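Student: This is what each chain is made of:
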Amino acid sequence: MTESATMQMNEPDVHFSTRRQAGPVILDLQNISLSFGGVKALTNISFDVRQHEIRAIIGPNGAGKSSMLNVINGVYRPQQGQIVYRGEVRGNMDCHTAAKSGIARTFQNIALFKGMTVLDNIMTGRNLKMKSSFLMQALYWGPARREEIAHRIKAEEIIDFLEIQAIRKTPVGRLPYGLQKRVELGRALAAEPEILLLDEPMAGMNVEEKQDMCRFILDVNDQFGTTIVLIEHDMGVVMDISDRVVVLDYGRKIGDGTPDEVRCNQDVINAYLGVGCA
Amino acid sequence: MLYREAGQFKTSYEADGQIFPILQDRVALLAMMALAIVAVPLCASAYTLSAILIPFLIFSLAAIGLNILTGYAGQLSLGTAAFMAVGAFASYNFILRLPGLPVLLAFVLGGLSAALVGIAFGLPSLRIRGFYLAASTLATQFFVVWCLTKIPYLTNYSASGVITAQPIVILGHAFDTPERKYLLVLCVVAVMALLAKNMVRSNVGRSWMAVRDMDVAAEVIGFRLMRTKLLAFAVSSFYCGVAGALYAYAYLGTVEPEAYNLDLSFRILFMIIIGGVGSILGSFLGAAFIVLLPVMLNVIAHSLLLPTSVASNLELMVFGALIIFFLIVEPHGLARLWQIGKEKLRLWPFPHE
Amino acid sequence: MSYLSVNNVEVIYDHVILVLKGVSLQVPEGKIVALLGANGAGKSTTLKTISTLLRGERGDVTKGEVQFKGERVDHLTPNELVKRGLSQVMEGRHCFGHLSIEENLLTGAYTRHASRAELKAALEKVYHYFPRLKERRTSQAGYTSGGEQQMCAIGRALMARPSMILLDEPSMGIAPQIVEEIFGIVKDLNSKENVSFLLAEQNTAIALRYADFGYILENGRVVMEGTAAALSGNEDVKEFYLGVSGAGRKSFRDMKFYRRRKRWLA
Amino acid sequence: MNLNFFFEVLIGGLLSGVMYALVAIGFVLIYKASGVFNFAQGAMVYFAALTCVGVTEKFGVSLWAAIPVTIVVMILLGIAVERVVLRPLVNQPEITLFMATIGMAFFIEGLAQLLWGAGVRKLELPIEDVPSEYLMEKYNIVVSQFDITAAAVCGLLVTALALLFSKTKVGRALRAVADDHQAALAVGIPLKRIWAVLWSVAGLVALVAGLLWGARNGVQFALTFVALKALPVLILGGFTSMPGAIVGGLIIGASEKLAEVFIGPYVGGGIEGWFPYVLALLFLLVRPEGLFGEKIIRRI
Amino acid sequence: QPADQYIALPSYRVGPYAAGGSGFYGGIIDYFNLVNLSGGVNGVKISWEECETEYNPSRGVECYERLKTKNGGATLVEPLSTGVAYGILDRLAVDRIPMTMIGYGRSDAANGKVFPYVFPLITSYWNQAAAMIKYLGDKNGGMDKLKGKKIVHLYHDSAFGKEPLPVLEALAKQHGFELIKIPVTPPGSEQQSQWLQIRQARPDHVILWGWGSMNAVAIKTAQRNGFPRDKILGVWWAGSEEDTVPTGDAAKGYTAMTINTPGNYPVLDEIRKKLYAAGKGNLADPNRIGSVYHMRGVSAAILWVEAMRAAQDKYGKGKRVSGEQLRWGLENLNVDEARLKAIGALNMLPPVKTSCEDHEGSGAVKVQQWDGKKWNAITPNWIVGDKALTRKLLEETSNAYAAEKKITPACLK
Ligand SMILES: Nc1ncnc2c1ncn2[C@@H]1O[C@H](COP(=O)(O)OP(=O)(O)OP(=O)(O)O)[C@@H](O)[C@H]1O
Ligand SMILES: Nc1ncnc2c1ncn2[C@@H]1O[C@H](COP(=O)(O)OP(=O)(O)OP(=O)(O)O)[C@@H](O)[C@H]1O
Ligand SMILES: [Mg+2]
Ligand SMILES: [Mg+2]
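Residue numbers (the working numbering), protein chains in the order written: chain P, 1 to 278; chain F, 279 to 631; chain B, 632 to 897; chain C, 898 to 1197; chain V, 1198 to 1610.
Derived from the structure by calculation, the hints contain no laboratory data.
No experiment lies behind these values; they were computed from the predicted model shown.
Watch out, some of these pointers could steer you wrong.
Listed below are the simulated DSS-like cross-link pairs for lysine-lysine, each with C-alpha atoms no more than 25 Å apart in a straight line [claimed, not checked]:
no., chain 1, residue 1, chain 2, residue 2
1, V, K1370, F, K428
2, P, K114, F, K459
3, V, K1470, V, K1538
4, V, K1331, V, K1550
5, C, K1019, V, K1570
6, V, K1267, F, K459
7, V, K1346, V, K1331
One side only, chain B facing chain P, incomplete, derived with CB under 10 Å [said to hold, decoys possible]:
no., residue
8, H646
9, E734
10, S776
11, M803
12, E811
13, K823
14, Q833
15, N834
16, L873
Chain V side only, calculated, beta carbon under 10 Å to chain F, not exhaustive [to be verified]:
no., residue
17, V1232
18, N1233
19, E1249
20, N1253
21, P1254
22, V1258
23, G1284
24, T1382
25, P1463
26, E1467
27, K1470
28, K1584
The beta carbon of each residue, even a glycine, is placed where N, CA and C say it ideally should be.
Using the sequences and the hints, build the whole thing.
Tutor: Written as structure tokens, this is what we have:
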């Protein structure tokens, strides 16, 4: 079952060689500063994200990585700086507009809807694409019904892709941590986003599960061309799958570049990695 | 092993999306509906119909309304009775002022008026949460009842401020006997319950639950908090409004605003908590529990030949104790208990998966 | 005699979901024991069974018993267990959001009848381990970052000065350097203060590096146990838990789509 | 407008507010320390007052002998509540616990009437409920001596409880429990004992409120309704703040009286029922956690 | 068909109004027991069943529906609750069960042409309000002396409190006194602002149209604000021991309306002797015998038993009468002083004579005053207010009701 599902989603593994090349800059963060009361979470940070790339953000605990993601999708409003998204300067925007413009994300502390099943959680991801009025939905009739079924098919594709068929009707609250992370990814994918923000998607997983997760991320990036911004503490993963890495420390940017550049950056080694490059 | 899904394969998402995907459930439901429509009016006594079943159905409807707001959208409300009052008094006035208005349409208009009031009082929920909101909904409760006692127009200048529901006549048929009233209420409740079930299993319902479970995340995903919450208030109040109108028209007949007091709000709240927060079925189970339990306790207490005051107090104590007991046994309510029962049945004869 | 022993425990959630199917394990005094296993294997459940926190989650221990220091403890309250020297760091942080970091740490010392000076010393020790916490000591825990909360949860458990600690995924969400530090602290406490550890961990490599002994849990059953060295040497463990197969470590980029999924059948 | 009258209304309102605060404290105590919104507080007030009066009647003892007996009863009640209701419901959602307290309210009301009868009783404290002559003569303002005493008692209670919460280890533990039962258990906070103590203290607070309100209005079932007066106080002051209860009480008391006297006549009167709620609600729009309540943490 | 005369009693003995409920229903049952001890009504035993309503309309309706079919069908019902009474109002004519509303409920129900099955016996709120003004006029030395006086109507802000307003307003116009209306939000556990307003207005009299705990609070707050209690005149719901006892000395001098002359009567002695001495009394506390609520219960039962006698006289002595027949009995009551004397209740309640037009049958009340220990009547004679005025109002509103309900007013045979 698992295999057949994977089969229909993926062509044989030849595509590594044909990995998409990173395109033009899609998201440009300029001089972002954010503070909470006295705590400076981010100070004057600039970096960009190119289309189709996997961009990692790393840094010690409390460096401001999650806050950065929150700024990108409009949960926090930076006190300073601007965000250029798809070539347009983005004014103060709330998370709803961010979602509408194609930014989806997962959360560090899993933010699934605990009382709903896996399938329903994934369906919520498609809400922006649903058009029928609530009266139609109440009648569950005609277009509303067709729409629901069409979206259900999409959701099922994602379920197959993430290999979580067996738990589609389980309330997410009952799932073990690792699977919840996977469902959260599914919910974000359901929105068919242009940019996917992932906050520690592999925390609390063992190697095998991390491998699965990496595979999903790479596939998404690959097949749908989704741009991915990733926060992760597992250096193995970050160095292996990301195209470029930003390093934050105490709200400041201390490094930016390809994994290999970053790995050998002395500041980064001091602040975060601890060990030098080979 | 009567109850099992094994062998019932769904070949389309459409089939899987049915309200009751399991055949046995569907059969049981149809049988129950048939029973309720045909057998009950024939066999049940006037007492059962007019003192048990009608209020049970009306309270179930109100409980569905509250469940939409509290159970699905997560906004704890203590003002249910106020919305019921708006529904009742609005229906009364519509019929009074617009002669010839069909009664059912008046109920709908009553519900819509309640929905408007609901939206107005739902606005604070955008900022206020949890018990703060719950306590604030009491403002609705007191304010609405106050308005109804203070504005004589609403009670048609009746000296004592009571209204007397007009007779229910639909297409020339008078719904005046318990049987007919019962059938009317049954139909209204069944249709509205079906609509509610549809809502909660489609996108609106998911938006409510998302807001309930984690509103920040819901916003990030793209739900609009304001629209979602206000819609929940509106739909919920609509249901309560219709229930309130039925309460006046099909049950009490003559009502004073006091009939929609805080006590009633609380009773409906009990229903959804005992029955199951976030479950349409639970609304029915809870209503049955709260309607029947006091009656049963009363009958039992009196058959024990205790002095009446002792019996009445014991009744109250047992009622309270049973609420606690059920919460301890299953904090998610009777609906959850029912579900566990079904799961057990499915696994039978094995104790667990 | 072992310090902590779990004998043939069976756990059911919600009356119908059987999660642990007869788990037995031992933690000898002064040793570090690692509990490994995939997601949903039942590691957290095992730990919660030991610390009797299961009751609050509608889980029931239907079989088996837990002994700590030679005494049956499965009927005790968590508070009595902490008093006897057994603390738990729960999965998912569980800091008291409205309390400041320092207040969080101080609640950890609730069961101790410590003087002000002693408390201060204990606090300093935690701050010494986690300097980041010292910086954030007055912030409400609810507003600190994920990693800071994790440190706070670990620090809080240390405040009780336990003789045995159950650690549930201490490395989750923690920067690699600090992960090493945390395990360093574990080793430190273990060797200097003879504290025993039972740690559930996904980061198998590091867990086996520091542990003396390991159990592997699959589907609610112990499928393999042995010294840490033996486990690290096992081919299956290598492949599935350490991510190295015959040819050495594979890049995460080059994962095959269809892997041989070996599952232990018990 | 007659200024003297204005002040009379104001002062009367402030003092009534203190009486509300007295009940609100009981709520705050439980909420702050366990995250439970205790709906049974009103029933406990009634139960305490009725027990006190019932004991004097049944055993023919003086009030001073009955109070210690009632204290013991309230402590037993607290222990029973923990044992029977709270312990099995550890770690359940707030709404479940809230519901359980409603069940408790029914039980306690039934029990109170079963034990002592449904009759209406009088309770006389040795403080006369007549206008203070001193204030009457000096400032020509009518303020009851009783109310002044009640205010003093209330102030004392609040100070003591506020100190308990902010300065002691138990206070800290209580706040921890309110945040996360499971984690509180894990760090070794003896939830059972703490809850039993807490509910006993809440029982004592209820007794104080019951005695004062009972002396004011007579000991009768309606004492359970004073809880409704305490709710707006609670949301205005913040569920988690002792000083909030007092300040909220003063604000609510004063503004509701002023509104009733000076606005009421224009709209048909009787606005006291909803005015405090609407006021509190408007206030919450500005500060959703009340005046002094702990900020609700919403973060992802 | 059972031989018993069966009465449905949807009562309330718990909750906020338990004190009143237990006294009232206690009185009824005591008197029933007394009658049964002496062989019943011409040999017909009375049976009854109680059902706890908690004063809640919805539970009251359930109780009514449950009780009405038992024992071959209830022949009379009395809920002592306006809400419950309204809830079953429409059902009575269909079920052919008469309902009494002794001293409460809608006043215009006294019109038997529109409300054939409803009997607000002895006094309705309107006649009571009229009598209050009459009393105040007399107290001031004549109705003309009321001119320019200030009377505060302090009322429970509900249907109950608003009921007397039309009468009071009409009388204010007629006699030229100023009526100041001050509502109290139920349940009325705080009245500081109202009493400050009253103190400010310096009225000559305060009518306390209160209920339940509101009364004690009103009296206490009056004391706290230094308002003389003897200027307060309560409606009968504010004139029981339950309203004054909890206030301690504060109620000394307070006056209230009553339909029973406080005191002791042979019938009460008999109840003491035959029932309580034998341990068969209904009240938990024998000291409450003869209390206001208890006496009212006994009075209600006396009138019902008289109605049974009247009906039996017409439809067959010694036989149980049906609800319809008992309705006739209630409509043709004639309990004069001689009859009351025979019962041992002379002066305990006013004579009652009903007719199709007048289901109230009396409208006479007394004023009583609390001396700190007990109630004492302070008007030797029964007071009757301006009945012509209330009659006119009654015709108007009941006919409006009939029009709304499409009822053709007519007397039943
Ligand atoms: N809403 C907030 N209010 C106050 N302080 C905040 C808030 N959000 C974040 N902070 C602070 O900002 C800093 C950065 O937090 P952030 O969550 O971005 O860290 P992070 O890099 O994601 O760390 P980790 O790896 O531990 O998750 C932290 O010190 C945190 O305490
Ligand atoms: N409260 C609960 N109700 C129902 N099922 C639960 C509950 N908690 C856990 N489970 C189930 O029990 C199984 C074991 O869960 P547990 O949390 O012990 O796994 P774990 O090994 O700690 O996994 P992870 O590595 O993801 O933390 C899982 O399948 C999970 O779905
Ligand atoms: Mg983070
Ligand atoms: Mg775990």
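Student: Each hint: holds or not?
Tutor: To see whether the hints hold, each was checked on the structure:
no.: 1; hint: K1370(V) - K428(F); result: holds (22 Å)
no.: 2; hint: K114(P) - K459(F); result: violated (41 Å)
no.: 3; hint: K1470(V) - K1538(V); result: holds (19 Å)
no.: 4; hint: K1331(V) - K1550(V); result: holds (22 Å)
no.: 5; hint: K1019(C) - K1570(V); result: holds (12 Å)
no.: 6; hint: K1267(V) - K459(F); result: holds (23 Å)
no.: 7; hint: K1346(V) - K1331(V); result: holds (14 Å)
no.: 8; hint: H646; result: violated (13 Å)
no.: 9; hint: E734; result: violated (18 Å)
no.: 10; hint: S776; result: holds (4 Å)
no.: 11; hint: M803; result: holds (4 Å)
no.: 12; hint: E811; result: holds (7 Å)
no.: 13; hint: K823; result: violated (23 Å)
no.: 14; hint: Q833; result: holds (4 Å)
no.: 15; hint: N834; result: holds (8 Å)
no.: 16; hint: L873; result: holds (6 Å)
no.: 17; hint: V1232; result: violated (19 Å)
no.: 18; hint: N1233; result: violated (17 Å)
no.: 19; hint: E1249; result: holds (4 Å)
no.: 20; hint: N1253; result: holds (6 Å)
no.: 21; hint: P1254; result: holds (5 Å)
no.: 22; hint: V1258; result: holds (6 Å)
no.: 23; hint: G1284; result: holds (4 Å)
no.: 24; hint: T1382; result: holds (8 Å)
no.: 25; hint: P1463; result: violated (27 Å)
no.: 26; hint: E1467; result: violated (22 Å)
no.: 27; hint: K1470; result: violated (21 Å)
no.: 28; hint: K1584; result: violated (17 Å)
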